[in-house]
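Taken in order, these protein sequences are the chains called V and W.
With the first letter of the first sequence counted as 1, position 135 gets the number 139 in the working numbering; the numbers rise by one all the way through.
With the first letter of the second sequence counted as 1, position 59 gets the number 81 in the working numbering; the numbers rise by one all the way through.
Among the clues, some could well be false.
What the hints assert, rightly or not - Taking lysine-lysine and the DSSO-like style, the derived pairs with C-alpha atoms no more than 27 Å apart in a straight line are:
| id | chain 1 | residue 1 | chain 2 | residue 2 |
| --- | --- | --- | --- | --- |
| 1 | V | Lys-502 | W | Lys-150 |
| 2 | V | Lys-699 | W | Lys-142 |
| 3 | V | Lys-491 | W | Lys-212 |
Because the hints were derived from the structure by calculation, they are not lab data.
The chain contents come next:
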Amino acid sequence: MKILQSWLRDFIDIDLTPEELAQKFTQLGIEVASVEKKGADFEGVTVAQITHIEDHPNSDHLHLVDLDLGNGKSQRVVCGAPNVAVGQKVPLAHVGARLGKVVLTPAKIRGVVSEGMICSSDELGLTNTRARGILVLDENIPLGTDVRTLYGKADALFDLEITSNRPDLLSHLGVARELAVLLNKPIKMPTPQEFAGEGESLQVDIRAPQGCQRYTSRLIRGVKNAESPDFIKERLSAMGLNPKNALVDVTNYVMFELGQPLHAFDRNEIDGDTVVVRWAEKGEKFTLLDGRELTLDEQALMIGDEHKATALAGIMGGQNSGIKDDTTDIFIESAYFDAPVTNKTSKKYAVSSDSSQRFERGADIGMTELALKRATELFVAACGGTPSQIRDVYPQPYQNPVVSFTPAQINGILGADIEEAKLKDIFARLALHFDASGDHWTFQAPTHRRDLNHRWDLAEEAARFAGFDCIPAGESRAFVGFSENPKGADLLEIFSQKLAGLGFYECKNIDFLGEKELKDFGFAPKNAVKIKNAMAKGWDYLRPTLLPALLKNISFNQSRGNHDLALFEATRTFGLIKGFPAEAYTVAGVQCGQLVQTPFFKGKGEKPDFYFLKGVMQDLLGAFDGVSFVPSQEAPVYMHPKICMDILVHGKKTGVFGAVHPLTLKACDVKENEVWAFELSLKPLEKNFSAQQFKPAKAVAAFPPSLRDLSVLLDKSVPYAQIQNVLQSTPLPVTLHFDLIDLYEGEHLPAGKKSVTFTLAFSAPDRTLKDAETDAAFQALLESLRAKTGAELR
Amino acid sequence: MTLQQFKELCAQIEREYTDKIASAADLNAVEELRVASLGRKGALTELLKNLKDFSIEEKKEAGPRGNALKAALTQALEEKTAALSAQALNEELNRVNLDLTLPARPAAQGRRHPLSIAQKRMTDILSKLGFTWAEGPWVEDEKHNFDMLNIPKHHPARDAQDTFFAETGSPLSLVLRTHTSNVQSRFMEKHKPPIRIMAPGRVFRNDSLDATHSPVFHQIEGLYVDKNVSMADLKRDLTAFMKGLLGDKTEIRFRPSFFPFTEPSAEVDVKCVFCGGKGCNICKGTGWIEMLGSGVVNPHVLKNCGIDPEVYSGYAFGMGVERLAMMMMDINDIRTFYENDLRILNQF
Numbered sequence: 005m006k007i008l009q010s011w012l013r014d015f016i017d018i019d020l021t022p023e024e025l026a027q028k029f030t031q032l033g034i035e036v037a038s039v040e041k042k043g044a045d046f047e048g049v050t051v052a053q054i055t056h057i058e059d060h061p062n063s064d065h066l067h068l069v070d071l072d073l074g075n076g077k078s079q080r081v082v083c084g085a086p087n088v089a090v091g092q093k094v095p096l097a098h099v100g101a102r103l104g105k106v107v108l109t110p111a112k113i114r115g116v117v118s119e120g121m122i123c124s125s126d127e128l129g130l131t132n133t134r135a136r137g138i139l140v141l142d143e144n145i146p147l148g149t150d151v152r153t154l155y156g157k158a159d160a161l162f163d164l165e166i167t168s169n170r171p172d173l174l175s176h177l178g179v180a181r182e183l184a185v186l187l188n189k190p191i192k193m194p195t196p197q198e199f200a201g202e203g204e205s206l207q208v209d210i211r212a213p214q215g216c217q218r219y220t221s222r223l224i225r226g227v228k229n230a231e232s233p234d235f236i237k238e239r240l241s242a243m244g245l246n247p248k249n250a251l252v253d254v255t256n257y258v259m260f261e262l263g264q265p266l267h268a269f270d271r272n273e274i275d276g277d278t279v280v281v282r283w284a285e286k287g288e289k290f291t292l293l294d295g296r297e298l299t300l301d302e303q304a305l306m307i308g309d310e311h312k313a314t315a316l317a318g319i320m321g322g323q324n325s326g327i328k329d330d331t332t333d334i335f336i337e338s339a340y341f342d343a344p345v346t347n348k349t350s351k352k353y354a355v356s357s358d359s360s361q362r363f364e365r366g367a368d369i370g371m372t373e374l375a376l377k378r379a380t381e382l383f384v385a386a387c388g389g390t391p392s393q394i395r396d397v398y399p400q401p402y403q404n405p406v407v408s409f410t411p412a413q414i415n416g417i418l419g420a421d422i423e424e425a426k427l428k429d430i431f432a433r434l435a436l437h438f439d440a441s442g443d444h445w446t447f448q449a450p451t452h453r454r455d456l457n458h459r460w461d462l463a464e465e466a467a468r469f470a471g472f473d474c475i476p477a478g479e480s481r482a483f484v485g486f487s488e489n490p491k492g493a494d495l496l497e498i499f500s501q502k503l504a505g506l507g508f509y510e511c512k513n514i515d516f517l518g519e520k521e522l523k524d525f526g527f528a529p530k531n532a533v534k535i536k537n538a539m540a541k542g543w544d545y546l547r548p549t550l551l552p553a554l555l556k557n558i559s560f561n562q563s564r565g566n567h568d569l570a571l572f573e574a575t576r577t578f579g580l581i582k583g584f585p586a587e588a589y590t591v592a593g594v595q596c597g598q599l600v601q602t603p604f605f606k607g608k609g610e611k612p613d614f615y616f617l618k619g620v621m622q623d624l625l626g627a628f629d630g631v632s633f634v635p636s637q638e639a640p641v642y643m644h645p646k647i648c649m650d651i652l653v654h655g656k657k658t659g660v661f662g663a664v665h666p667l668t669l670k671a672c673d674v675k676e677n678e679v680w681a682f683e684l685s686l687k688p689l690e691k692n693f694s695a696q697q698f699k700p701a702k703a704v705a706a707f708p709p710s711l712r713d714l715s716v717l718l719d720k721s722v723p724y725a726q727i728q729n730v731l732q733s734t735p736l737p738v739t740l741h742f743d744l745i746d747l748y749e750g751e752h753l754p755a756g757k758k759s760v761t762f763t764l765a766f767s768a769p770d771r772t773l774k775d776a777e778t779d780a781a782f783q784a785l786l787e788s789l790r791a792k793t794g795a796e797l798r
Numbered sequence: 023m024t025l026q027q028f029k030e031l032c033a034q035i036e037r038e039y040t041d042k043i044a045s046a047a048d049l050n051a052v053e054e055l056r057v058a059s060l061g062r063k064g065a066l067t068e069l070l071k072n073l074k075d076f077s078i079e080e081k082k083e084a085g086p087r088g089n090a091l092k093a094a095l096t097q098a099l100e101e102k103t104a105a106l107s108a109q110a111l112n113e114e115l116n117r118v119n120l121d122l123t124l125p126a127r128p129a130a131q132g133r134r135h136p137l138s139i140a141q142k143r144m145t146d147i148l149s150k151l152g153f154t155w156a157e158g159p160w161v162e163d164e165k166h167n168f169d170m171l172n173i174p175k176h177h178p179a180r181d182a183q184d185t186f187f188a189e190t191g192s193p194l195s196l197v198l199r200t201h202t203s204n205v206q207s208r209f210m211e212k213h214k215p216p217i218r219i220m221a222p223g224r225v226f227r228n229d230s231l232d233a234t235h236s237p238v239f240h241q242i243e244g245l246y247v248d249k250n251v252s253m254a255d256l257k258r259d260l261t262a263f264m265k266g267l268l269g270d271k272t273e274i275r276f277r278p279s280f281f282p283f284t285e286p287s288a289e290v291d292v293k294c295v296f297c298g299g300k301g302c303n304i305c306k307g308t309g310w311i312e313m314l315g316s317g318v319v320n321p322h323v324l325k326n327c328g329i330d331p332e333v334y335s336g337y338a339f340g341m342g343v344e345r346l347a348m349m350m351m352d353i354n355d356i357r358t359f360y361e362n363d364l365r366i367l368n369q370f
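Same shape as in the complex, but just chain W:
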């Protein structure tokens, strides 16, 4: 065989198999082509056997030509195999016919209680505002629940709290705490300013259970005591708190009120988040919703806790968790929270 003949045959094989590989219909056809071209008795294999008869000069030209053709055919075969495999898989996947719209099969995922969710929202925001978490007992002595907070014995302000009294062996008269404010007296008694705490938790009032009252409910308290703390600090921080809770556009206003442990005292209203202040059923047409009570810590309270009111001042606020949750979760009966109906619980 002359070199010229070798080259012609190479070209002929290249043409023939390139076309055949490209048009192979399935993997079997590709395998047949592989055997026919590159197999032990394949056309190219047979042709390359002639190399040994060429002179060294001729080999230099014929060798690379033959190897290049072998590599090209190998690659073409592999690519065709991959393409046909992918196509076959794709066809198989597309044969699947599952009704994806059938109901879900719930994973074992439980739920937190709506009040826990609401409380966590509040503690998360207050944490960002630098309040640290403090606690106090739920069965509390009258001193920390009332006396130190400037709610004297034999005063109507004390009667207004509808207190549960506990029967224990303690020499102190104990009550179920009527507010989270007992944490104020507990904490200030033990710590020196600066103080910046929040105190979420349960409180108890001797109120019968109806749509708007529960003998057990939740509050969250905030207290900040440092030098030169004023009502303006309170307004700034509550604005941030309410914006965090209800959105960036939230506006608040102060309304004078009375709490024995703050002076001055303010009720805090937020501009109704449902009507934007125009007046609706939820804000009873006023455009404002009462959210919480607050004020400058009464100097008597500071004094009772061993803090000099001439040096330090503070603010305090307290907010009902149920109230917020009812409003924001559209729940209109407080008993809903304590019935624990799965049909309610699984919505949150």
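One chain only, chain V, in its complex shape:
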């Protein structure tokens, strides 16, 4: 909302600089987006020309400057501006001049008396740039000119951000009223000229009482459209509007002044003598003033006559009934339209106006008559004409609820100690009716403050007008109680910390992706959460996987010269289960290039391979029970078909890791043909996880183990996991620990065979094993391997 300081003075005497006023607004909770100073707030400054400059005898940066005043006189002053030069025409403030609130007196500057001052733009209050240097004026301006005449009358234009609970501040009267309460000053309500009213106005038939609670109107017959008077044109221009003609401008002017939106119809476009307020018919077509054609439904509120609609109530008039240059009779509407009804229609058809913005926040139902009278006065003054009587249809006069409370309750909400007298004073100034005679006070707000409904609202008012600094920092309280973090949050943190420790960099990506990416990654769009009002193509769905974004992160970093990357993201992913949205904590990572990034060591850097990734997964998941990895029977489409393992938790698949499919890399613009990736949902881990659990330690062997190497020959097709399984499951009377130390395929072996070598460590918890025991265990393992894998001792 744009507010002109001079316009406020129509309603309240304020003697504040724009800066002081801005501070008051901030104190009241009205954010000041900008202050634009207009005109000159000074006196006694004239145009003078610099004729001579010499150095100040006692300073290395000050000068003594002689000026020609234009009336045959000259003046010498002290000046420190760096840009001063002979020949410049400059604003000279004389002794006695007023600059804002400062009155200039002679000043002794380093021993030299200066009677006058050459001013900068800031000093004249024209700017607030803090720039040094005097204001240099146009050389064609005659000497001796009063500088004030160059800049017009002083004023300030505030751009205020009005919160949606305070529609009453969307007018100059409203802002003045707020200041009146704060500054304890009387408000000068407008008292428009009263017209007796000649003849009846049109009948008004409110057939939609839910949409329109008051309709005040009158006719003005015999007007002649004209240009608006200067003050209306100037003020509307300041509001950012282009003045058109009086019949149009006056309605806008009154709205900015009093907050009441008005609409003027051409009487001769209204058939018959009745104006109807009704709901639209389903499918009804209506063409707006701006030419747009709407197809409406029964929730839209219309103004019209018996035959047609003439306006979308409170939002915009129709093309068929607007004011024209030759309009002679006007019908002025000053109504109260329901806030939600206006909001719904304005949003549904994307039609918004200064009028609809006020109605949808809640206009002042008590203002319609005064606004109509004010508009009448201005219309008649500019365009002549004869006003009719006023017709005011207001079936159920509105009253705000009466709030009952005690001053202790107000202070209790605030934790403050505002004196009763002060509270009384504030509430009395705010209220329509206020009674503080009993223990319980009662307060009823005027119609323009529908937001004051209970004591919490009044507590806020008390604090606002007493100053929020009245709220102290409370005495300390103890907070006892403990509850665990959500498991998902704890797990995300644990995984993130581990991954960072394993060399991965955490990324955060926007949660949206497009249909193509969904399909590229094997997700059916029907199982993804779609966004109805996506802001961009390619951002239509909530992502069910984190990998597409991570691969794009690789591409992004590659294009900026970084090729050795290990990235991860840990956040929620989204899907639909039977149509309902489901969110899962998910961790995913990608890795490519070398492990070390410093160029000097690059040659020595290690390139991660599948087994490195498997190690990462083991480190990541080793602490959790029931986790196992098995080669994927069917790898996801975005993974290498043969280099991909499933992550199982108690036998149930919860993720995969392996190499990304080259086509996926291409689709994601990754310039690298080997990228390792993993993604897993943490949901299955949550069940058995508790941050409060300690992991019990296993005893370590107290006696040295007996070591044996085992080297066997078996078919190439036997996977390591099978051999491992045999070693683990063969029943032995002793404890076995084994390490794979060699795997060989190639020369010197029979065709189709491979050689596998282990170091076996046999031990017992209570003694050193005898050779015979070790030999027996070794033989048992060999037998087992023979039987189950066809292995032969090498």
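Keeping the supplied structure of chain V fixed, place chain W upon it in accordance with the hints.
Okay, now just chain W, sitting in the frame of chain V:
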């Protein structure tokens, strides 16, 4: 050999070898001295062979004298050996010539995202202030995201949130939550006071991506509901929170504002940490920086969640993680957080 002669010879050996051991130049010399004195044919060994010829009385004097000398020489030899070894090692270590100023070879240490670091700072402090962690869905129904929080349908306050709507098979109208405040309604619906929770997480607004806006960003919410909770409790706790975050000298101020779910509502400013309140570019000359929104929980919200506002009261606050991170990490474009440029990520 007389006892007298034995004693003289002892003294002579002691003098001779003590001097020689002390001045031995290297380990070989020490070994030679050991052999010459204590070896099988060494001077002292040979001398001690004479003990057997002494009378019992003489042995009582000559025996200890000889043994003491043997022990003394042994110790002197060991000490000299240790000293020369240490010296040799030291010389070897000092021969190493490695350019320690060469660039580091990074260990495999990754990094957390700056937003995670900032969020963790906040949750850590709030945890110390007794807030426990609570969560809610990111795809949320309008009831919990708006209605229960006193943001009615067909009200401009609801329009101001630039909501993303989700298309699902649910009969409820679902949105991507526009703030972490949905956790308030979720939590209060299920729990009775006292309630003291924090809710960090992602939120969504239909805002185009530019230097100061992102359709996805992070907030952290605080909620405290108990008997007699007031704005003063809020001021105390936020002062502690901001001091924890920005330092002991941090000052805050309340400024009136409007949020549908709080009444009274306050914006909270902190005295500019960059200029100490004098006015600078970052605080735009005002000396204060807007940090978060807060207020006393609106009684309608309590009622909507089944909590009696005549018995209980509460406060709530919500703060942007990006905003804090941008300010404190000197990042002036919010997109920086979502580009994931390694050159940025590896700085934290």
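Hints, one by one, checked against the model:
A C-alpha spacing of about 24 Å is found between Lys-502 (chain V) and Lys-150 (chain W), which places the hinted pair at or below 27 Å, so the restraint holds. The suggested pairing of Lys-699 (chain V) with Lys-142 (chain W) holds, with an alpha-carbon distance near 25 Å, which does not exceed 27 Å. Between the alpha carbons of Lys-491 (chain V) and Lys-212 (chain W) the distance comes to roughly 18 Å, so the proposed pair stays at or under 27 Å and holds.
Going down the numbered hints, you'll see the structure goes against none, and every one checks out.
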